[in-house]
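Colleague: Take a look at the letters that make up each chain.
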Amino acid sequence: MTSRWIRFVIPAAVVPVLLLLAYGFWTNPREIPTPLIGKPAAAFALASFSGAPFNLEHYRGRVVMLNFWASWCRPACYEEAPALERIWKEYKDRGVVVLGVDVQDNDDAARKFLAQFGHTFPNAPDPGGRVAIDYGVYGVPETFFIDRQGHVRFKQVGALTDDIARKHLDKLLAEKP
Amino acid sequence: MTARGLIVAALMILAVSPAHGATPRPVDEQTVHEIAAQLRCVVCQSLSVADSPSETANQMRGVIRERLAAGDSPAQVRDYFVEKYGPWILLAPPRRGFDLLVWVAPFAVLGIGLVAIVLVLRRWRRAPSPAAQAPLAADVRERIRREMEELDR
Numbered sequence: 037m038t039s040r041w042i043r044f045v046i047p048a049a050v051v052p053v054l055l056l057l058a059y060g061f062w063t064n065p066r067e068i069p070t071p072l073i074g075k076p077a078a079a080f081a082l083a084s085f086s087g088a089p090f091n092l093e094h095y096r097g098r099v100v101m102l103n104f105w106a107s108w109c110r111p112a113c114y115e116e117a118p119a120l121e122r123i124w125k126e127y128k129d130r131g132v133v134v135l136g137v138d139v140q141d142n143d144d145a146a147r148k149f150l151a152q153f154g155h156t157f158p159n160a161p162d163p164g165g166r167v168a169i170d171y172g173v174y175g176v177p178e179t180f181f182i183d184r185q186g187h188v189r190f191k192q193v194g195a196l197t198d199d200i201a202r203k204h205l206d207k208l209l210a211e212k213p
Numbered sequence: 043m044t045a046r047g048l049i050v051a052a053l054m055i056l057a058v059s060p061a062h063g064a065t066p067r068p069v070d071e072q073t074v075h076e077i078a079a080q081l082r083c084v085v086c087q088s089l090s091v092a093d094s095p096s097e098t099a100n101q102m103r104g105v106i107r108e109r110l111a112a113g114d115s116p117a118q119v120r121d122y123f124v125e126k127y128g129p130w131i132l133l134a135p136p137r138r139g140f141d142l143l144v145w146v147a148p149f150a151v152l153g154i155g156l157v158a159i160v161l162v163l164r165r166w167r168r169a170p171s172p173a174a175q176a177p178l179a180a181d182v183r184e185r186i187r188r189e190m191e192e193l194d195r
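If you read the protein sequences in the order shown, they are chains F and S. So the first sequence is numbered by the numbering used here: it starts at 37 and just counts up by one. So the second sequence is numbered by the numbering used here: it starts at 43 and just counts up by one.
Hints were generated in silico from the structure; no laboratory data involved. Please read these numbers as outputs of a predicted model, since none were measured by experiment. Errors might be hidden in some of the hints.
To be verified - Estimated spans, in silico, between C-beta atoms of each pair:
1) S/W145 x F/P118: 20 to 30 Å
2) S/W145 x F/Q152: 44 to 54 Å
3) F/D199 x S/G153: 52 to 62 Å
4) S/V157 x F/P69: 37 to 47 Å
5) F/Q152 x S/A150: 49 to 59 Å
6) F/A81 x S/P68: 26 to 36 Å
7) S/R164 x F/G175: 16 to 26 Å
8) S/L142 x F/I73: 18 to 28 Å
What the hints assert, rightly or not - Computed from the model, here is a short list of chain S residues facing chain F with C-beta under 7 Å:
9) V84
10) V85
11) E97
12) Q101
13) G104
14) V105
15) K126
16) Y127
17) G128
No residue lacks a Cβ here, since even glycine has one placed at the ideal position from N, Cα and C.
Assemble the whole structure, with the sequences as input and the hints as a guide.
Modeller: Right, dumping it as structure tokens:
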């Protein structure tokens, strides 16, 4: 084993480790891709707070913005709440429905939240978290954009803004029905 | 527990029992635990769904129980979570593709290290130690001294 041999061995050992580290540091550990994009959105049927229909099948043919929230989710759910109602008012006559799924919450706190922000789009509690798990939800808020054919197309993790919602909704509305 | 408490408890159990599947199978809690232990608790740091006290993990255990009761096999239940959350949900990464690296690399590196140690040891054993070498011949010694002097100049 000569020193010349060593000169090849050390890079051969170090370079793969550096490449692996580089790969690890370039990827964002907080960014958890959902495997659901492009897949048919899971069906659900819940009893909404207001009595409005709350099953996906009912809204087939419309673009669905499905928002997962909770009254205990501060501050993100409180930040995005006014935007949800604005978007609903802006888009409800253009073939969009906004649905809110309330996860791991208690009834009183949830109703207070809805009253505080004057939400008029359908919202429903998710007993047992079945719908949230069916959508692979990590935490609230998360918002899924479902196209007219019922496929999940985008997922927003964290507070939604008017701009993000408009961007996705306009894109999905521009697609041929 | 009072009689009223028992009725309330029975109603609650009825309320959470699965709607699908005509005759729910009895679920072995050990099986629920085994599946939950393979799943990552999504709201925790380094905890399995079996070990986490969080409500999310609790709800996931509920879904595991429900799916087993509906007749799913443990593998099908695990696949359901992978389908929804991706392979990230599994605490042990699958032994294929890029993830295979974490299974193979430690053993490969260990093997390479062992081979290197053997090679080095053999080399050390073959090479005589400097102390055992014969003293320098007088003419070589003289030549070194002369060249050192030239360097100093």
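Colleague: Going through the earlier hints one by one, which of them does the structure break, listed in rising order?
Modeller: 1, 7
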